[in-house]
Amino acid sequence: MKTLWIKLLLWGYAVFSMAPLLVMLLSSFRPTADIFDDPLGLPTGPDLGNYAKAWTEASFSTYVVNSLIVVVSAVLLGAAVSLLAAYPLGRRRFAGRGLFAAYFISGMTLPAHLGVLPLFYLLESLGLIDSLLGLILVYAAGSIPFNVFVLTAFFRQLPYELDEAASLDGAGPLATFWHVMLPLVRPAIATVIVFQFVPLWNDFFYPLVLMRDESKLTLPVGLTHFFGEFQNDWGTLFAGLVMTTIPLVVLFVLATRQIVAGLTAGMNR
Amino acid sequence: MRLAPLAAVVLLSVAACAPSSTSSSALSPSQSQDKVTLSVWGWGPEENFDKMFAAYEKLNPGIDVDARSFTTATEYDTILATGLAGDSGPDLAWLRAGPKLQPLVEAGRLLPLEAADIPGLKDYDEGVLRSAKGDKDGKVYGVPFAVQTLQVIYNKKIFADHGISPPRTWADMIAAAEKLKAKEIIPFAFGGKDDWMLPIVAGVFGTANWGGDAFLDEVRAKTKKFTDPAFVEGIDQLNKLRPYFPDDMTGVSYTDAQILFSSGKAAMFPGGLWELNFFTENAEGIELGVFTPPAPKGGQGLMPGFTDGSYGVSAKTKYKAEALKFAAWLASKDYGQLYTDTLRVFSAVPGVTPTDPLLKEVSTTFDQQGATYFMNEFAYGNPSSQTVFSKALQEMLLGRITAQQAAERLDQSVATWL
Amino acid sequence: MALSTTRRGSSYLFLIPAFLLYSVFVIYPLFTGLSYSVFTWKGTLRDTFAGFANYAALLTESFLDQLLPALGHNFLLFAGTMLVQNTLGLAFALALSRARRGKRLLQTMFALPYLVNPLVIGYLWTLLLSPTFGPVNALLSGAGMDGLAMPWLGDPATALPTVIVIMTWQWVGFPMLLFSAALGGIPQEYAEAARTDGAGSSQVFWRITLPLLRPAMGTITILSFIGSMNTFALVYALGGSNGAPAGATDVLGLLFYRAAFASGDVNAMGTSSSLAVLMFTFIFGSTLLLQRVLRRKA
Chain A
1 MKTLWIKLLL WGYAVFSMAP LLVMLLSSFR PTADIFDDPL GLPTGPDLGN YAKAWTEASF
61 STYVVNSLIV VVSAVLLGAA VSLLAAYPLG RRRFAGRGLF AAYFISGMTL PAHLGVLPLF
121 YLLESLGLID SLLGLILVYA AGSIPFNVFV LTAFFRQLPY ELDEAASLDG AGPLATFWHV
181 MLPLVRPAIA TVIVFQFVPL WNDFFYPLVL MRDESKLTLP VGLTHFFGEF QNDWGTLFAG
241 LVMTTIPLVV LFVLATRQIV AGLTAGMNR
Chain B
1 MRLAPLAAVV LLSVAACAPS STSSSALSPS QSQDKVTLSV WGWGPEENFD KMFAAYEKLN
61 PGIDVDARSF TTATEYDTIL ATGLAGDSGP DLAWLRAGPK LQPLVEAGRL LPLEAADIPG
121 LKDYDEGVLR SAKGDKDGKV YGVPFAVQTL QVIYNKKIFA DHGISPPRTW ADMIAAAEKL
181 KAKEIIPFAF GGKDDWMLPI VAGVFGTANW GGDAFLDEVR AKTKKFTDPA FVEGIDQLNK
241 LRPYFPDDMT GVSYTDAQIL FSSGKAAMFP GGLWELNFFT ENAEGIELGV FTPPAPKGGQ
301 GLMPGFTDGS YGVSAKTKYK AEALKFAAWL ASKDYGQLYT DTLRVFSAVP GVTPTDPLLK
361 EVSTTFDQQG ATYFMNEFAY GNPSSQTVFS KALQEMLLGR ITAQQAAERL DQSVATWL
Chain C
1 MALSTTRRGS SYLFLIPAFL LYSVFVIYPL FTGLSYSVFT WKGTLRDTFA GFANYAALLT
61 ESFLDQLLPA LGHNFLLFAG TMLVQNTLGL AFALALSRAR RGKRLLQTMF ALPYLVNPLV
121 IGYLWTLLLS PTFGPVNALL SGAGMDGLAM PWLGDPATAL PTVIVIMTWQ WVGFPMLLFS
181 AALGGIPQEY AEAARTDGAG SSQVFWRITL PLLRPAMGTI TILSFIGSMN TFALVYALGG
241 SNGAPAGATD VLGLLFYRAA FASGDVNAMG TSSSLAVLMF TFIFGSTLLL QRVLRRKA
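Chains as they are written, first to last, in this note's numbering: chain A, 1 to 269; chain B, 1 to 418; chain C, 1 to 298.
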């Protein structure tokens, strides 16, 4: 009886969770005029016009490569350096540990828009305006506070005996990190990657400020073409959004597999 | 080193993108050999720019105009502010009108435009040109491109079906609204959720009350205040018209209001001329008409309008002569005609007559009954008076404060900077 | 403590890459931004040294009138996040840890809203909650609950709670995944041992599971605090830059945004930077304090 209730609640919440996404999906098959006639109606037929328009006018084919390069590199770079930093912060004692931890948190507590002008000048002086590398560095650096914080917490939770066992075996800190710790924080890495990938994949602000050459823009910038002040082309925008969200869903499913794999590994311990 | 494997991964992921970063300077559009490329930043659909500027490129074979369009809202202001501050910004750009132009002017990011370079400027109406001037030095920094008017857009078929014609008197308008309401058609599609719409609609229905430019001049001269009974009465019209707005109007968003009108559930839409384009495209089969609400105390109403923006020239442009020559063309009737016909909005260039019949009609009305939209002239300060007043109007519609109190808030806010 | 203390120097080597990248591309721009607060600005051009003049301007009536309610709303959002979002996240993690079938599917569905582009979240939810044609109100009146059919986002009394619900919708996947990962780290033998000692399932939860989840809760509490204090995108999407209706959803992030971008103030850079300094001092200080309190308890 109790489990039935729980099941009912879980699936009920799933409906609540998915309803807005369903509206988005259905609307992507409808011309904007139809949406403005009956915003929550059903598509009249399998109309792929919006998709065709979004694909060509938003230059998706050009931008998709940029988006992949930028976001994948930034997330990997950000996760890699954060992992390295989180390991001593979570597991080792050294002078200034508390200061370092606080330093890494501080970046999260400021409005990101505050640094736009100095960041722009900085990248200009480094010759990184209009460069994918510049965008990657900005994104990767921006993900560090969150990553370090979450990963540090995970490292701290691992049983202490692990380090001892490893150092008894004569392993140095890097070997301990690589062979002992890394496999154990896999679920945390997957979590961090998912939660950093999404906002970067959706961001259109930094590319607009830091890129001049149209061939270097990313996917979300293409979407903004349908989103002018008085010129909202909702149907096409939805189609574009569905297309940009699909890679995220794939990533998410893969990552949850990692998390679940990590969980089962934990259970077998 | 043991760090090697990880370092290699990091380096590889960075190196993967290195080639594209080095090739950028070589391919930069503004450096290709013979042709001069002028880059122009603005907002709105990019294809419109391409259409209009193709005409100039044809006339000037040595010039290539490269237009970039951005999302509006605040992103554009930030992008433009950083763009003009750096070395890789545009040669020309769309500038906001009035208050939001001043930070760029004061930072010295724009070239002042002289009549010697842009002959067309001397023909502009002073009221139009004012929005492109620096407040401190009085110099012109942009070639205004558009004038927007505020009025009521109506659904001709619904009016005809119910035997309603565009109202001649305020009483006519109320009678028409009553008639529609009785037939379960929402008279005015207007929502109070997005507060930026509120001063606009207050301008549509209230300008006749306070009497347009003469009143604003007196406020500027500090001989009158926004707490003047005429102004209070003007914004109080929103309270009086409340029964003819949608139910629960404070929860109705701008998009909701557009949908109510485009789906035929509402008969009239008080708002800007820019809505015409939107409704033509997205309210299929609806024939549009426009009218200006008559004055509540009898007689003709006033149609508020404002200059929407202007083309400025970057102080850092490498092609000053070419950019100024292009700006001169932007102040010409040729461009004005192209603009109004392409975008279906009024051109700010004097003497341009729109081809579109509906626009022509509005243009005639505006010539006779035009007035300055009050909010844009009084949007200074931090927090901006526009922000303060939009919020105050929303509270008024929620029944939390009276029209008098809303006017007092505007007055206090204006007093901080005027 | 049993933390490794050998070869201390290598700890710094591990920190260097993140430290450099973060210092150059995050800390340098942000703190330069903060330093702008002691100057007068002409647009993006630094003018003269201003001392505390920009701060003094913040302490005028027109700002304080906005600052205090906004801060209050930030705290309400934090409370809402803790009570609704994180509690649900924990509940889902627990329920799903026992579920046999549909686990992955449910997990994915719960977290999917996080993937939606912020460009449309405002549109989707205003549409769903619209008093004129929104299905939420239609369902409520259809079920005979006409009294509940109201302009959810248009009424100052319901707007902020509605924002909390939508925030939960968007973010619940995050505490759910973090709790799931933490639950996976708890050896099952603990619970089994307790059960063989005769503990009921609720006792196992309160005595065994919950205390072991404390570190994860600490992490989530801190992140929720920072997230609620710094929130911007969602409230902007739902209530615009003024925190409509009538400022009922106004928060510090919106206040900063308005001071920086939504005014014709030539000195907007100075005014907004000094506001950011105040926000930073408060948020960062409270975060460190909160962290200390949580550590001591755990």
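Just so you know, these hints were derived from the structure itself, not from any lab. Beta carbons are placed, not taken as given, at the ideal position from N, Cα and C, and that holds for glycine. Take these hints with a grain of salt, some might be off.
FRET-style restraints, in silico, Cβ to Cβ [what the hints assert, rightly or not]:
#, chain 1, residue 1, chain 2, residue 2, range
1, C, Leu278, A, Ala165, 46 to 52 Å
2, C, Val24, A, Tyr160, 33 to 39 Å
3, C, Tyr12, A, Ser61, 43 to 49 Å
4, C, Arg98, A, Leu40, 49 to 55 Å
5, C, Pro135, A, Ala165, 53 to 59 Å
6, C, Arg207, A, Pro159, 18 to 24 Å
Hint check:
For the hinted restraint 46 to 52 Å between Leu278 of chain C and Ala165 of chain A, the CB-CB distance of approximately 49 Å keeps it satisfied. Judged by the Cβ atoms, the range 33 to 39 Å given for Val24 of chain C and Tyr160 of chain A holds: they are separated by roughly 35 Å. For Tyr12 of chain C paired with Ser61 of chain A, a C-beta distance near 46 Å keeps the hint of 43 to 49 Å intact. With their beta carbons about 36 Å apart, Arg98 of chain C and Leu40 of chain A fall outside the hinted range of 49 to 55 Å.
Between Pro135 of chain C and Ala165 of chain A, the C-beta spacing of about 58 Å keeps the proposed range 53 to 59 Å intact. For the pair Arg207 of chain C and Pro159 of chain A, the beta carbons lie near 20 Å from each other, so the given range of 18 to 24 Å is met.
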